[in-house]
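Chains as they are written, first to last, in this note's numbering: chain E, 1 to 236; chain G, 1001 to 1218.
These stretches of chain E come out as covered by chain G in the derived footprint (C-beta under 8 Å, 3 or more residues):
| id | segment |
| --- | --- |
| 1 | 42 to 56 |
| 2 | 98 to 111 |
| 3 | 134 to 143 |
| 4 | 148 to 157 |
| 5 | 218 to 230 |
Using 20 Å as the maximum straight-line C-alpha spacing, the simulated SDA-like pairs for lysine to any residue come out as follows:
| id | chain 1 | residue 1 | chain 2 | residue 2 |
| --- | --- | --- | --- | --- |
| 6 | E | Lys229 | G | Ile1005 |
| 7 | E | Lys64 | G | Phe1025 |
| 8 | E | Lys220 | E | Glu188 |
| 9 | E | Lys82 | E | Asp172 |
| 10 | G | Lys1095 | G | Gly1071 |
| 11 | E | Lys220 | G | Ile1011 |
DEER-style ranges, computed between Cβ atoms:
| id | chain 1 | residue 1 | chain 2 | residue 2 | range |
| --- | --- | --- | --- | --- | --- |
| 12 | E | Asn61 | G | Gly1206 | 41 to 49 Å |
| 13 | G | Lys1004 | E | Leu109 | 18 to 26 Å |
| 14 | G | Glu1069 | E | Asn61 | 18 to 26 Å |
| 15 | G | Glu1069 | E | Glu224 | 41 to 49 Å |
None of these hints come from the bench; they were simulated from the model.
Bear in mind the structure is a predicted one, so any value in this text is a computation, not a measurement.
Where is the CB? At the ideal position from N, CA and C, for every residue including glycine.
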Amino acid sequence: MELIKDGKRIDGRLPNEMRKIKIEAGPLYRADGSCYLEWGGNKVLVAVYGPKEAIPRHIQNPTKALVNARYNMASFSVEDRKRPGPDRRSLEISKITSEAFENVILTELFPRTIIDINIEVLDAEAGTRCAGITAAAVALADAGIPMRDIPVACAAGKVDGVVVLDLTSEEDKKGDADLPVAIAPRSEEILLLQMDGHMTTEEFDQALDMAIKGCKEISKLQKEALLKKYKTFEEE
Amino acid sequence: MERKIVIPGTIVGTVGKHKPGRGTFSEEGNIYASRLGIVEERAGYINVTPLSGVYEPVVGDNIIGIIGEVGRTSWMVDINAPYPALLRADEVQWKIDYGETSRFLRVGDAILATIASVNEARNIEISMKGKPCRKIEDGIIIEIQPSKVPRIIGKNGSMVSLLRQHTGCWIFVGQNGRVWIRGESENISRLVEAIRKIEREAHTTGLTDRISKFLEGE
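Isolated chain E, as found in the complex (with noise of 0.2 Å):
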């Protein structure tokens, strides 16, 4: 099967367009911070907690606070139903999740306190792990915790000898590579990276150049999100 054809894509896309991607600030009322966000595809409901007292105790950092992602995708977010409760693939995003958040969050703030993050998965579709680091990056904002950036992943990766933006689950099974990334847009700080299948020296290059241009439009709507719930009752 092909998945590029006269230069489109599967659903129609250039190889450097992306999926939409609706984003919403805080739509839980409990917890300190949340985003709700689809992309393509994917459902993603983030909530975040604290900073909190962290137990027990001996977990507790005495110079800062613990950033403590966790990623879950519930069992009806893939077509076979997913074994529910973490498995290898989840504990590794939730980790590769909370060290990017690490070098972003003015941790040193809040000592001795944790950052809880729960990342659940609604509806998947490719590209999971990069609309939980943007949800959650909204959510921490919306929480009010102190960060240097506010961080935002997008993936890029390669289909048919085409580098490609923002890959769908179609094009990520069939595909030659995904190379999921994350930064800090201000200085385009990398924060995750990671890549499965081959490419090239030169394709990485193209391919990584592409995913940065991606998070910088992503970050646009990141902002707008945020600033939209603040600005409701002024236009009033």
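Please build the complex by placing chain G on the supplied structure of chain E, with the hints as guidance.
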């Protein structure tokens, strides 16, 4: 005055012109906001007043605490901050003998106290000596977002006195986002409704007028 809402990473000034204050940080000659909030300039400092976030204890704040643990000579108190606070037996208005702490305050009791000290390691001590401090024995306590406390109080307490006038309830707003209310039950429910409205619309202008109308409109 311009009320500009900023998000983390927004440039709010340059280092030569201003100094980075609360809610900001400087990097390569620029001052950036580190939190979601409103930019304000005061005495050469650029501050970002947060619109959300947890309570950060400051010495002298009057707060409402809930006893979490009873020790032989002290209590650990939940003050709605990321850290529990220590209340020593000699920092209360009663004379307490060794091991007699639970005769005065038990787990779950609410108190009105003052932040006495906060150190580098964020060990917090509170005191019950002095003016408003006491054990809370009646009324109800509701929790609001700590970042909204200044709006519930209003300029020089204008909002609190408005609420008091219109509902006839006694209100005490703790800096840590707990509000103690005493009064007739139907008045309390009206008051809580008004407080929730203030909380939702805290970042808007002309709020006092709207709340006044809301309370009169019954």
